[in-house]
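Peer 1: The chain contents come next:
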Amino acid sequence: MIPLSWYLIFAAALFSIGLFGVLSRKNAVAILMGVELMLNAVNVNLIAFWRYLSFETMAGQVFAVIVFAVAASEVAVGLALVISVYRRRQSIVADDINLLKY
Amino acid sequence: MNGSVFNVTMFLAILPELWIFVLASVVLILELVLPKEQHRLLGWVTAVGLLVGIGVSLIVGVPPTQAQFVWGDLIRFDQLGYVFSLLFMFGAAMTALFSIHLERLGQRGDYYVLMLVSTLGMCLMASAADVIMLYLAIETTSIPLYVLAGFYKEDEKSTEAGFKYLLFGAMTSAIMLFGFSYLFGFTGTTNLYALVNLVAQKQLSPLLLYGVLALILAGFAFKISAFPFHFWAPDVYAGAPTPITGFLSTASKAAGFAVLIRVLWVGFPAIQPYWVYILTGVSIATMTIGNLLALAQRDIKRLLAYSSIAHAGYALIGFVAVSELGATSVIFYLIVYLLTNLAAFGTVSVFEKKSGSSEIAAFAGLSRRSPWLAMMMLVAFLSLAGMPPFGGFVIKFAVFAAAVQRGLIGLAVIGVLNSIVGLYYYLTVLKVIYLYRSEEEQVAVPIPEASLLALAVLCIGVIVMGVIAAPWFNIATLGARAMW
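Chains as they are written, first to last, in our numbering: chain A, 163 to 264; chain B, 457 to 940.
This is chain B alone, in the form it adopts within the complex (with noise of 0.2 Å):
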C-alpha cells in the first residue's frame, strides 16, 4: 500500500508490461541498424521475445496469493491481470506471426513497436485497480490501434477503416470518461477498490449511479463491439490489414471484457440487479444480431467480424451469471476464443495474400489447392461454431452451465438457438471450401513458415483445450478466484 518506496513486488507486477517496452526499444533499434532485406527478422524477433517474456513471466512473475496493491494502488498485482496479460502476449506474438510474409506490414518496425505498445496498454488494463490507470491503459490500447487499423495508407478502404475506428473510439471514450469523472465526484475516489465503501457509506442515490453507469457501459461497449457500439466492427474488421483484424477480434475484446468484469463486478456490486438486467439484454441483442447480420455476408472478414460480435453476446452470458462460475467461465471463454479466431483470420491472411480477394467465393476449391490450409479453417470455423471435440464446445458448454446454475434457463435457451444459427453460416464457408471447384485448382496456396507455425501452434492449441479442458478451465478459475 505503500508508494513511496519501491521494492521488488512492484516490479514484479509490471513484468510483462516491461517486458514489452524493452522489446518495443530493441525492435525500433534493430529496424534502424539491419539492413533492409533483413526486416523479415523483426516479426521474429517481435514474436520470439513475447514467447520468452511469457516463459520469465510464467517463472518469475506468478503473483502473491494475497492480491497485493502496488504503485501508489494503481495496480492490483494479481491472478486476473497475470493470466489475461500472458494472453494478451501471446496473441500478439501470433499476430507477429503470421504479419512477418506481409511486406507492406511485416517488414516495418513502427508496425511491431505500434502493436507492441497496445498490447502493453491491454496488460494495464486487465490489471488496473484505478480508473486514472484505466483510462489511460485504454487509450495507450486503442491509439496504436487506430492507427494500425489504417496502416495501409495507400489503400482506400484501410485508411477508411483507420478513420472510422478512430471517430467511433474517440466519441465512446469520451463518453465513458465523463461517466468517471461523475464517479469520482460522487465519491471522491478514483480507486475501485476504495470506491465500493464509500458509495456504501455515502448512501448515494442508486438514480446517480445508474446514470454514471451508462455512461461507463457506452465506452466499454464498444471496447468489446457489444450492441449498441456494434456498428464500428463490421467496417473496421473489413478495411483493416488482415492480422490487425484478428488482432483487434481476440486480444482488444479480452482486454475488454477484463476490464468490464473488473469494473462492474468489484466497483458496482451495490447495483448489480441494474447492470445484469441491462447487460442480459445487450447480450440477447449482441448475438442475435451478429448472427442474422453474418448470415447475408459474402465477404468472410465481414462474417467473421459479425461471428465475433456474436460471439461477444455468448460470453456476455457468462457475465451476467454473476458466480465463480461464471467469471471462470468468461475467462475461459476469452482464451479459447483468443485461439481460435486468431486461427480463423491467420488462413484468411494467408489465402488473402495469394488471391488478392476474401470473398467467400474464392475459397472454392480451396481444399485441393491447399487441404492443410483447408483442414485448419476447419478446425477454426467448427470451434468457433461450437462443435466437439474442438475448445470451442466445451467454452459454450461453459458459459450455458453458469447461466443455468443461476436459473437464467431462458438465456441459454436463446443462446442454444443463436449457436445453430451460427453454425450454418460456418458450415456454409466450409461448403465452399470442400465442395466447390475452381478453375484454379492447379494453382497451390502456400503457407509461409512463419504463419505454418503460428496456426500450427494454435489449431493445436484449439483441440487441446477442447480434449483436455480441465488444465485451462482451473487457470481461469484462478482468475476469477482473484478478482475479490
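Here chain A stands alone, though its shape is the one from the complex (with noise of 0.2 Å):
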C-alpha cells in the first residue's frame, strides 16, 4: 500500500501550486482556479488521513463532501462577480480593478 506521506506530500505540492497561483496570477479567473487547488490539496488530506487513520468514523469523508458542496457554491458566487465586473469594466485583470485604494 502506498504510505500515508506520499499523499500528505501531495496535498503539501497541491496547495503550494495553488497559493503560489493565487498569488501571481493577475487574471481573477486563474485566481479563483488557484483557490480550486488549494482546496483540492484539503480534500485529499482529508481523504487520505481518513482512510489511513480513522477508518471507522465518517467524519474525514462528512468534511469532504461538505467541503466541495461549499467551494462550489463559492465559485458559483465568485464568477458571478467575476461577471458584473467585467460587465463594468470589459476586463477582469486583477491590476485594472483598482478604483479603491489608499
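Derived from the structure by calculation, the hints contain no laboratory data.
None of the values given here were measured: they were computed from a predicted structure.
Careful: at least some of the hints might be erroneous.
[Said to hold, decoys possible] Okay, the calculated beta carbon distance ranges per label pair: (1) A:Val227 with B:Tyr730: 30 to 36 Å; (2) A:Ala192 with B:Phe853: 45 to 51 Å; (3) B:Asn930 with A:Ala175: 47 to 53 Å; (4) A:Phe182 with B:Ser779: 38 to 44 Å; (5) A:Phe230 with B:Glu780: 39 to 45 Å; (6) A:Leu185 with B:Arg824: 49 to 55 Å; (7) A:Ile179 with B:Ala656: 45 to 51 Å; (8) A:Tyr248 with B:Val478: 55 to 61 Å; (9) A:Tyr248 with B:Gly528: 18 to 24 Å; (10) A:Ala192 with B:Ala656: 55 to 61 Å; (11) A:Pro165 with B:Leu748: 49 to 55 Å; (12) A:Phe182 with B:Tyr730: 43 to 49 Å; (13) A:Asp258 with B:Ser779: 19 to 25 Å.
[As the list claims (entries may be wrong)] Dumping the calculated DSSO-like pairs for lysine-lysine here, alpha-carbon to alpha-carbon at most 30 Å: (14) B:Lys609 with B:Lys810; (15) B:Lys613 with B:Lys492; (16) B:Lys810 with B:Lys492; (17) B:Lys609 with A:Lys188; (18) B:Lys613 with A:Lys188; (19) B:Lys492 with B:Lys609.
From the three backbone atoms N, C-alpha and C, an ideal C-beta is built for every residue, glycine too.
Assembling the complex is the task here: the two chains are given apart, and the hints tell you how they should meet.
Peer 2: This is the structure we're talking about:
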C-alpha cells in the first residue's frame, strides 16, 4: 500500500501550487482556479487521513463532501461577481480593478 | 450527547437559526405577493421579525446552566452562543432599518434574504463546537456577504468591493481549511472539545500544532480584519453599500471573535503561550496600523474602516489576557462596539443619501443642516474614541483592566497611546461637522423615520451602556463563563 506520507506530500505540493497561483496570477478566473487547487489539496488530505487513520468514523468523508459542496457555491458566487465586474470595466485583470485604494 | 433521537433541547438550541430561516422564507414570499410600491414593508418585516425573534429567544430559548452538546455534538447549547446570537440578530435588525430608505437596496427582498442567511451563519459560528460545523457556518456567513458587498451591480465601486472581498475571502478560508484538515489528521476528531484531550493523549509535537494554528489563524484574522490580513477592509468598506459596511464591520467581526475565543481557548490550551505571543504582536500591529493610516483618510467610510481595524486590535488586548475578565471584556467590547459602529455607519448612510458623497469635507456645516444627525454622530464618534460617559469608554477600560490584571502593562500602555491617536481623527471629523461652514447650510438633511428609530435606539443604547454598565457586563460574564 502506498504510504500515507506520499498523499500528504502530494497535498502539500498541490496546496503550494494553488497558493502560488492565487498570489501571482493577474486574471481573476485564474485566481479562482488557484483557490480550487488549494481546496482540492484539502480534500486529498482529508480523505487520506480518513482512510489511513480513522477508517471507522465518518467525519473525514463528511468533511470532504461538505468542502466540495461549499467550494462549488463559492465559485458560483465568485464567477457571478467576476461577470458583474467585467460588465462595468470590460476587464477581469486584477491590476485594472483599482478604483478603491489608499 | 445522543444524535439519533430528537428532543426539545435540540430545537431550542437552534431557535434563533430556525427563526431566521422562517423569516427569510417569509420575506421571499412577501416580495412575490406584495405590489411593487409596498416593498418598503419588506425591511420593516425583517427588522420587526428579528426583534420579535430576540424576544422569543429571551423567553424560551435560554440555555441551561450546564452547557449541552446537541445535533451529534456539532453545536454546543451555551450562553456564549446565545449572547452572540442575540447580538447578531439585533445588528441585522438595525441594518435592515438603515436600508429601508435606499431604493436600490431596501426595496428588494433578495437583499434582506441574503442578510438574514448571513446572520444565520453567524449564529451558527458562535455556537459551533465542531470544525466541520464551523467551516460550514463561516462560509454560510461569508458567501452572502460577498454578494451584498457587490450588490450595486451598476456601481463600479460596489462591484469592485464584492470582487476583492471574494478573492481575499476565498483564499484565506482555503488556508484555514488546510489547517483544519491537518487538525483532523493529527487528532482523528473534528470536535473542538474532544480535540483537547486527544492532543494531550497523543503527545503531539508542539511544532505540528504551531503550524496548524498558524494556518487557522490566517482565516480568523481575515474575519476580524486583523494585521496582516486587513488589506481588504478599507477597499471593501468604502465600496460596499453603507448599511452593509456597518454590518460587515460589526456583526461579521463579532462573529469572527466569537469563533476565535472558542477555538483558541477551548481547542488549544496546550500551546497557549505560543498563540498569546503571536496575538499580542498582532494586536499591537493591528491597532497601530489602523490608527496611523486612519489619520490620512479623506473619505469617512475609509476612515471608519481603519478605525474598525484599530478596534479589532483593542479587542485583542482583552483576548490575550487569558482570564475570565479577559473573555468578559472582549464580549462586552463587541456588544458596545456593535451599537456604536452601527450608529456611526447609520448616520453616514443617512447623510450620503442626501449629499451623494462620503468625503469628510462634505460634512461641513452638518450641525446647522441637521442638528439631530450631527448630535448622533457626536455620540457615535466620541464613543468610538473612548470618551465617558459613552459605552466606548467602559469597554476600553475593561480590556485595559484585563491586560493590567495579567501583568501586561506594556500592552495596556500601547493601547492607551493608540486611543489618543484615535481621538485626534475622530475629533477632526467632529470639527468639520460642528465648526466648518458650507454654502448649503439652508438645505436640511432629513432623517428617514426607520433610520431615525434605529439611530435613536443605538445612541440611547450607547449612552445607557456607558452610564449603567453593570447589567451588560454581567451578560458578557455569563457568556465568558459558559465556554468551558
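Peer 1: Quick one: which hint numbers does this structure break? Sort them smallest to largest.
Peer 2: 7, 8, 9, 10, 12 and 13
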